[in-house]
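Novice: Residue strings, one per chain:
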Amino acid sequence: MIWLTWRQFRGSAAMTAAVLLVLGIALAVTGPGLASRYAAGIADCTPNDTCTDFFDRFFGEYQIPFLALTLVVLILPALAGLFWGAPLVTRELEAGTHLLVWNQSITRARWLAVKLGLIGLVAMASAGVCALAVTWWSDPLDKSAVPEMARMAPVVFGARGITPMGYAVFAFVLGVTLGVLVRRTLPAMAVTLVAFAAIQLAMPLLVRPYLMPPVTSTFELGRTNVEGMVPQDRQGGAMQVFLSTSAVPGHAGAWVLSSDLVDPSGRVVGGDRASGPSSTIARSVPVSTTSGPCAPRAGLGTDACTAEINRLGYRQQATYQPLERFWTFQGIETGTYALLTLALTWLCFRRIRTGLS
Amino acid sequence: MTSVLQAQALGKKYGSRWALRECTIDIPAGHIVGLVGPNGAGKSTLLKLAGGQLEPTAGGISVLGGRPGSTPAQLAKVGFVAQDTPVYASLTVAEHLRLGARLNPRWDGAMARERIARLGLVPAHRAGKLSGGQRAQLTLTLGLAKRPDLLILDEPAAALDPLARHEFLQHLMEAAAERKLSVVLSSHLVSDLERVCDYLVVLVDSRVQIAGRTDHLLATHYRLTGPRRDPGRLPAGQYVVSARHTDRQSTFVVRAGDPMHDPAWTVSRISLEDLVLAYMDRRTAEHRRVTQEVQG
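Keeping their order, the protein sequence lines are chains A and B. When the letters of the first sequence are read in order and numbered with our numbering, they come out as residues 1 to 357. When the letters of the second sequence are read in order and numbered with our numbering, they come out as residues 1001 to 1296.
Derived by calculation from the structure, the hints in this document are not laboratory data. Don't take every hint at face value.
Stated by the list, open to error - Counterexamples of contact, computed for chain A against chain B with all Cβ distances above 10 Å:
id: 1; residue: 62
id: 2; residue: 110
id: 3; residue: 212
Unchecked claim - Derived CB-CB ranges, DEER-like:
id: 4; chain 1: B; residue 1: 1117; chain 2: A; residue 2: 24; range: 42 to 48 Å
id: 5; chain 1: B; residue 1: 1117; chain 2: A; residue 2: 32; range: 56 to 62 Å
id: 6; chain 1: B; residue 1: 1180; chain 2: A; residue 2: 24; range: 55 to 61 Å
id: 7; chain 1: A; residue 1: 21; chain 2: B; residue 2: 1125; range: 30 to 36 Å
id: 8; chain 1: A; residue 1: 195; chain 2: B; residue 2: 1002; range: 45 to 51 Å
id: 9; chain 1: A; residue 1: 354; chain 2: B; residue 2: 1111; range: 54 to 60 Å
id: 10; chain 1: B; residue 1: 1022; chain 2: A; residue 2: 195; range: 40 to 46 Å
id: 11; chain 1: A; residue 1: 199; chain 2: B; residue 2: 1177; range: 54 to 60 Å
id: 12; chain 1: A; residue 1: 21; chain 2: B; residue 2: 1114; range: 26 to 32 Å
id: 13; chain 1: B; residue 1: 1125; chain 2: A; residue 2: 3; range: 18 to 24 Å
id: 14; chain 1: B; residue 1: 1114; chain 2: A; residue 2: 331; range: 44 to 50 Å
None of the values given here were measured: they were computed from a predicted structure. Note that the Cβ used here is the ideal one computed from N, Cα and C, for glycine as well.
Only chain B is shown next, with the shape it has when bound in the complex (with noise of 0.2 Å):
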């Protein structure tokens, strides 16, 4: 299966800060992904090196197997939904589409006046006065007539209110279904990610903590509950992810490659929601640390 996004050691730095470093990964073609992580992890900068608007600082990626950004072709075969959903106030939605008409050889332009007729924008009114959720309609439409291969979106629905943003996930899923696109999301809200996406990225404190497919995820991560004790005696092939204690009691997120089958531990599986949570926990991410240190 070909890559939609490739990185190897991939960095970037604004100033003296990394916004994002020694990103490696290699997501496979035809998934709904998801990439995840607060506020500052990172998302952004990984989403616009992957869409051209930013050059790395270190490493390389490559983009459906090309540079991004470099040449027409390549801008050609990815679409980009930019954080807030920005559009030209003072153009009309029919004037976006013939911006969108004028500047993609791909353009397909039936699918976008079908497409803004359904979602019930008048091609006469100004895109300035549209709604947020019927901007991010906009900018998802000059996305899809694009016909892109891969579709980039940065926090495409942060701004929208519940039912919006619930419609606006769902056209892009059904959209992705029929075109056969590879989607690229990201989002500091899980609950939206587990809805859509088949494949996950959690980015936090500008490096990527994990990524696979979520089914796969689900079933390599586990609960384990028991009396309290070190992480570090936790049994071999046994990953550390978070870590919690109580006076009595130690609660661990772990990945194992295999189930797990000590009597002294409570097993349980672990939601997508919770699974995130524990890589984004920062308190486990020191403590994770200190492990892999004694490990090491």
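With the rest of the complex left out, here is chain A (with noise of 0.2 Å):
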């Protein structure tokens, strides 16, 4: 049975090796060279205390070939469910050979077992290479990424250490199911197709963020978590603040879920007329804009306005997972999937013991 699911399967196992090996030997070659650029930027920069342009400038300029990397770490598992998973059953079953296979001396729980197996674990490898190289590689720019782009934010997280493995092994094996309930190829791609997106967009949106309890504190402002201010209006009674909702101070990388500014007494500010950088809310504090450090003609700078402003007591509240909890986060995600992949095994046996001719 082993002999027969390879021979099977040889053909698209050789073009998946053929693929990650020149992937391999892409990042394998440019790779190196990332990090030493990083290395040196980073001994540059440290003295003078302008890492973060250097990561700006660094980040910038390799952002395409980071976005194609998790992209391709991303749709890995996606290919695994709808060209191996999908077509495992329904092929048989459209060619008529499930007949025959199944009319020899094996069962059909063996049958599947080998090759839910084999091909699974073969999934899995490969997208844990895949992943593990893309890992290796992103690390430099992992460490100088936009806080949108960190290791922790959803699109990203997705595509680094161990996690792709539980997604290409649930991917393949919700294909294998809904080719068994479906019964015909092509709609059980398609089927799987839009199941798999729908799964992979709701962990990151509704289960992850819940995963542990998230942090909430409230900080007080500065350069990480205020993008810039702006006087409200003429009348100079307040100050419109563009607050980050992606970064707090002091905990780069993590994942904010929530952010937003609080006056002295707890309270949420409103205000969000004016439009901002991306990723920021508009608050508006009542501040003198006409004296005072918040006057711009004071001349005194943003530091000034801000210090004032921290002065009267506003803060940051924002709820966040950090970055410490990457790897634990990555096991409790794996696992998930891991239990997801064995309760579909479960139906899939089932099915195919009493529900398929």
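With the hints as a guide, dock the two chains, each given alone in a separate frame, to form the complex.
Specialist: As structure tokens, this is what we get:
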């Protein structure tokens, strides 16, 4: 049975291996250069405290390969579900060959067990190798990424570490299960794609934020969490503050779930008329803009005004998952997908024993 | 004598439609059994139930004393050649034999290779490029080399031209005689079955109409021709299979235990084909129901 599985699967396996090999070579060739550029940049910027600028430049330069690689790792599991999972049983049903192979001296359960086991392992290994290579290559970029593209950020998290292995084996078994239920290849592939995409969206939006209770805390305003400010109007009674929704001071790389401005009594400050930079919210703080540190004419700059707002007792209140939880989250999420995979496998075995002819 | 196939009140339902119902049958071992009936009568369903490809909705079935398809040992005892004789298009002929060798503990590799050579199949050819006849021969080889006690074939000759069909059935008969195996094959062509079968099961409208040895069936069925009259007025001990009437004449096909001695009737023997056609005739099926109601 292992021979037959391998014989039927070797074409796809060879193609996947070739693609992964090319990707691996490309990463191996460019990776060390990237790491040394990063190290040199850090050595340069640390003495004169301009590392924020270096990070922006460095990340900006490599943003396209960074995003492309992230995308590859995110898409790979879907391909396993679509092209390995969904057709696994439907192809046999459509060609009628299930009647040939299921009438040899081997039970369907055994047939399915070998197919799921072998191809599932290959799917897991491919995704694992690809994800770990990309994680290694992207390390300098992950360290210098803007908050929205940090390792804990929804898009990037799923393309790093061990979760892609969980996704890949889950997508594969999902494809097989839907194939067993739908029985035709193309519809099964379509349903697999839709279902897997929906699950991959639901996970970061609805489930991942609550894998562990998030931390809620208040922070003084500063360069990390204030993207800029402008006087609200000519009367000079308020300042429009653009508060970051993706960064908190002192916890670089944290995944910020919510962020808002609270006044000294702890109430949320209103005001959303002005539009500011992306990933910010505009909040109006009642402070004089005709005299004092926040008056443009005083010429003291933003830092003085920020300090004045801090003195008045305004704070950023944020709920977030710190970067230190990255591997814990990876473990929990991979485990969740493993459990889902087991449940689908059970369903698959049940259906194939009784439900197909 | 042991049974190859035993079914009690066996039924299979697809959705709300019964594909096979109230099938009670007991086929003894050592026969070449023909399962005949019009398309959609439930032949494939019965064979798939016997092969363990389907689970019964009602009743029970045992094949060679075991539940079909339940264990590797049971699977090893039953060979199954499916309708349209499916093969893996991308695998070569030799790889199909290898598949058989890998998946069957009782595999007879020498016989399979010898058979393939005798048929003129090239081992290195892809199975997808074979003609319908060659494909059927390849799947028959797989079924035989597995060394089953019972070989089931679902419309194996349906897609073949007359010459290939003749050859295929010839090979099947030789192999069955040589290896003393029981065979159940279905067809909607009586002429195919007439040549090879010594036991017949007629399936119409998802019910078994009659089953028995062909010689016994031929000995107990007659065609009666005489002046027009109602089937109800036929002598006792006769079961009307079909009835046709013209203005003056009635023709009945009846089943009777004893030979007929009624001077009012012209009694003649009936061919297997006519016998099967009599059972397959829909109009008579309705008529028979009426008759049974009258008698009951």
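Novice: Now look at each hint and say whether the structure bears it out.
Specialist: How the hints compare with the structure:
With 10 Å as the threshold on Cβ separation, the claim that residue 62 of chain A sits away from chain B holds: the shortest Cβ distance comes to roughly 42 Å. For residue 110 of chain A, the condition that its CB be more than 10 Å from all CB atoms of chain B is violated, with the nearest at approximately 8 Å. Here residue 212 of chain A stays apart from chain B, with its beta-carbon at least about 46 Å from theirs, past the 10 Å limit. About 46 Å separates the C-beta atoms of residue 1117 of chain B and residue 24 of chain A, a value consistent with the hinted range of 42 to 48 Å.
A hinted range of 56 to 62 Å holds for the C-beta pair residue 1117 of chain B and residue 32 of chain A, which are about 59 Å apart. The supplied range of 55 to 61 Å is met by residue 1180 of chain B and residue 24 of chain A, whose beta-carbon atoms lie about 59 Å from each other. A hinted range of 30 to 36 Å for the beta carbons of residue 21 of chain A and residue 1125 of chain B is consistent with their spacing of about 32 Å. For the pair residue 195 of chain A and residue 1002 of chain B, the beta carbons lie near 50 Å from each other, so the given range of 45 to 51 Å is met.
The given range of 54 to 60 Å is broken by residue 354 of chain A and residue 1111 of chain B, whose C-beta atoms sit roughly 34 Å from each other. At roughly 41 Å, the beta-carbon separation of residue 1022 of chain B and residue 195 of chain A lies within the given 40 to 46 Å, and the hint holds. Range check, residue 199 of chain A to residue 1177 of chain B: Cβ separation about 58 Å, and the 54 to 60 Å hint holds. Checked against the given bound of 26 to 32 Å, the beta carbons of residue 21 of chain A and residue 1114 of chain B, roughly 44 Å apart, lie outside it.
Evaluation of the 18 to 24 Å hint for residue 1125 of chain B and residue 3 of chain A yields a pass: the beta carbon distance comes to about 20 Å. In this structure the hint that residue 1114 of chain B and residue 331 of chain A lie 44 to 50 Å apart at CB is violated, the actual value being about 58 Å.
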